[in-house]
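Just so you know, the protein sequences line up as chains A and B, in that order.
Count along the first sequence starting at 1, add 40, and that's the number in my numbering.
Count along the second sequence starting at 1, add 1, and that's the number in my numbering.
For the record, the hints were derived by calculation from the structure and aren't laboratory data.
As the structure is a computational prediction, the values presented were derived from the model and not from experiment.
By construction, the Cβ of each residue, glycine as well, lies at the ideal position given by its N, Cα and C atoms.
Just so you know, not all the hints are guaranteed correct.
[Unchecked claim] According to the in silico footprint, chain B covers these stretches of chain A (three or more CB under 8 Å from chain B):
no., segment
1, 122 to 135
2, 147 to 155
[Stated by the list, open to error] Beta-carbon label-pair distances, calculated as ranges:
no., chain 1, residue 1, chain 2, residue 2, range
3, B, E4, A, F79, 15 to 23 Å
4, A, T153, B, G84, 24 to 32 Å
5, B, D68, A, S58, 17 to 25 Å
6, B, E57, A, K95, 34 to 42 Å
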Amino acid sequence: GAVVSQHPSRVICKSGTSVKIECRSLDFQATTMFWYRQFPKQSLMLMATSNEGSKATYEQGVEKDKFLINHASLTLSTLTVTSAHPEDSSFYICSARFRDNYGYTFGSGTRLTVV
Amino acid sequence: KQEVTQIPAALSVPEGENLVLNCSFTDSAIYNLQWFRQDPGKGLTSLLLIQSSQREQTSGRLNASLDKSSGRSTLYIAASQPGDSATYLCAVPGSGNTPLVFGKGTRLSVIA
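Excised from the complex, chain A in its bound form (with noise of 0.2 Å):
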């Protein structure tokens, strides 16, 4: 089946600092790879929508200069995370989906600790 790679699963930074997320899609092209967010006991939250070869789509309120998405490649989407505070640490989660009418399939999260 469709598998999307996430990594890291961890990560622990210090304020200031930037981190990168990789999403990979193992088995197939995702031309569009889905960013979300989840916060404790709540719900996921859509950051940004990727686009293989163009500029991404953000949600409203959500800052397209701290949250970086390049999706350079058919298999390869990132998320930087630049100056991060602790108020950015979150779940941070990819989606993509195999085919048209295909479900969608979900990287394993990035749990990010900004101390």
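Take the given structure of chain A and dock chain B to it, following the hints.
Just chain B now, kept in the frame of chain A:
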């Protein structure tokens, strides 16, 4: 704008019980519905995908139904086990390649 609601928000049952989780959505023009499971601190695992032309899907002890016209879906779990304890999420996609819209989930605890 599509909205997804899940009831109940939390559920605690003794091991062995059969249970039903409910999901409703406001825009019935969906082409499929997906149920996921999320364990604490983990990603999402797809449980069942129901296409709009289908009325139900089964996988092991799980059975999901879809009534598109009324905007409802149910997830039935038979003979619940402690390992079923997790948050169950219902989601529907937008048209084309738009992202899923999620409910807030049902937190299930199965007590041994």
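What are the numbers of the hints the structure violates, in ascending order?
-> When the structure is compared with the hints, only number 5 turns out to be violated.
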